[in-house]
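Going line by line, the protein sequences match chains V and A.
If you use this note's numbering, the first sequence corresponds to residues 1 to 274, in order.
If you use this note's numbering, the second sequence corresponds to residues 1001 to 1269, in order.
Listed below are the simulated DSS-like cross-link pairs for lysine-lysine, each with C-alpha atoms no more than 30 Å apart in a straight line:
#1 V:184 x V:7
#2 A:1186 x V:115
#3 V:185 x V:115
#4 A:1186 x V:140
#5 V:85 x A:1186
#6 V:85 x V:184
#7 V:139 x V:184
#8 A:1186 x V:139
#9 V:42 x V:184
#10 V:85 x V:7
Selected chain V positions facing chain A (Cβ under 7 Å, derived; list incomplete):
#11 65
#12 67
#13 86
#14 87
#15 91
#16 93
#17 97
#18 100
#19 101
#20 111
#21 114
#22 141
#23 143
#24 161
These aren't lab readings, by the way, just hints derived from the structure by calculation.
The beta-carbon is built from N, C-alpha and C at its ideal position, and this holds for glycine as well.
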Amino acid sequence: MTPYFYKEPVLTLDNVSMSFGGELVLRDISAQVLDVVRPNMKQGQVVGFYGRSGIGKSVLCRIMAGLVAPTKGTVQVGVEQEPVKPGAVGFVQQRYPLFNHRTLVDNLLVAAERKYNPEEARQQVESYLERFCLTPHRKKYPAHLSGGQRQRAAIAQQLLCSDHLILLDEPFSGLDIAMIDEVKKIIVEVTTMDELNTVIIVSHDIVTTTALADRLWLLGYERDAAGNLLPGATINQQHQYNLAEMGLAWHPNVEAEPEFAQFVEEIKEEIRRS
Amino acid sequence: MTFRFVNYTSPMKELFSPNANPQRLVFMSMVATQAFVLLLLWMFYPLQLFPSLGEVFRSLGSLIADQGLIQELWASMTTALQSIAIATVLALLISYLTALPFFRPIAYAATKMRYLTLTGLTFFMALMVSSGHEVKLSVLIFGATVYLVTGMTSVILTTTQEEMDHARTLGMSEWRAFYEVVVLGKLDEMLEVVRQNFAIIWTMITLVETLYQSEGGIGLLLYKQNRYLHLDGVVAIQLVILATGALQDYVFVLLRRVFFPYSWLGAAK
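Could you put together the complete structure from these sequences and hints?
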């Protein structure tokens, strides 16, 4: 097993609940993402939140990104654990929005100018274009980019202005096998760019999310003692998995391992039961 | 043996197929044919509802030579351009201010003023401003602004949560996000609103030019031709206005293509 240890928290969800018009969507969600350190490795980490379609994952994303305040509870981010505010967490939405009126290079520049002076911003943008294989498309408008290029551009844009935390909402949704592999490569690429980089995947794709993550939280519903479904999705104690501890993290081809397949089967069974 | 499905549609059939995209040459030939048929109908229609083509052309010549049609058109056009420019600035201001809840009732009221008839309003405007030209201009500005605000606010309302969230996640302040997503992001659509509503000015210009006749204008010329039942002159002037409108539309489309090249990229073809 790869040696590792945890340092300070980089994201803390403390008893987060969210209601809309009196309807409880999320209930008492607590989770903490800790900065993981692997000796002699200069790599960030990937953590995953799994939830079935319609369970409130996008709401959770918007809360974690600071775009909407939870009805109850707090979200704190960064080494200083400050309350989250918009812009503190890079957030790539499901449909990879970009500014359609700007070319690709301008889209990245407008993001980079938040953190860097104009000259540095230009250099950073060039380096990201190169790293994400987008240089030949720099003058194109978003409408001319393919789905994969658009996704890479959206991730690059968020990385250029956020502080190490990047949240991906359903990054594998509607993609074919080749595209999923490409997205996986990008995610790994993001983690290798800086040791502090943490990618948070919120997805309903259990296999791909589990394969990439070293921590996994399962969003689901709970039942009371009488067997009635409680309102609001939550993460209970049994649904928090430390994949690193289980020996299922950081393997290049973990999906081919029988232990991984068995774990995924167990999770699927758990989901079906809930 | 292999079978291959060939999706061949004849050019003629394509013109009647839903969502078809005929070749440019085919499409242009179709337009030319339609125009020619219309011309034939005009020339040979037995009921003679309209003055004949020859009469209209003769009248056009006489209007240009004797009654200064071109000068009158220019006078109307400068008034129309002046009005639409001021109305656009006003409408953009009112529409963008809807970002602040305080100004929303004002924009809402402005959109509803489309239902007001201009008759009577001109009297109040005459009391407020000094010259006939200013009354004419203020009536046109008022009429165009209320339509422009309606179109522009509905463009602003198409802004999605995703678009605003995207700007916010890049750390933009609320004003900066509004500027990026709504002001810059929808400027091309605002130009389209102006193009569509410019026509309102031409429909109002006849009314205002007849109220304040000192400056002339093509509207006044049309009014006079109509009053003396010179139908050939009426049709000639209407055709001139129609051609001016079409040219105006073309210029707007050209401006949109030059300044907002991304505008058509996502449109269905």
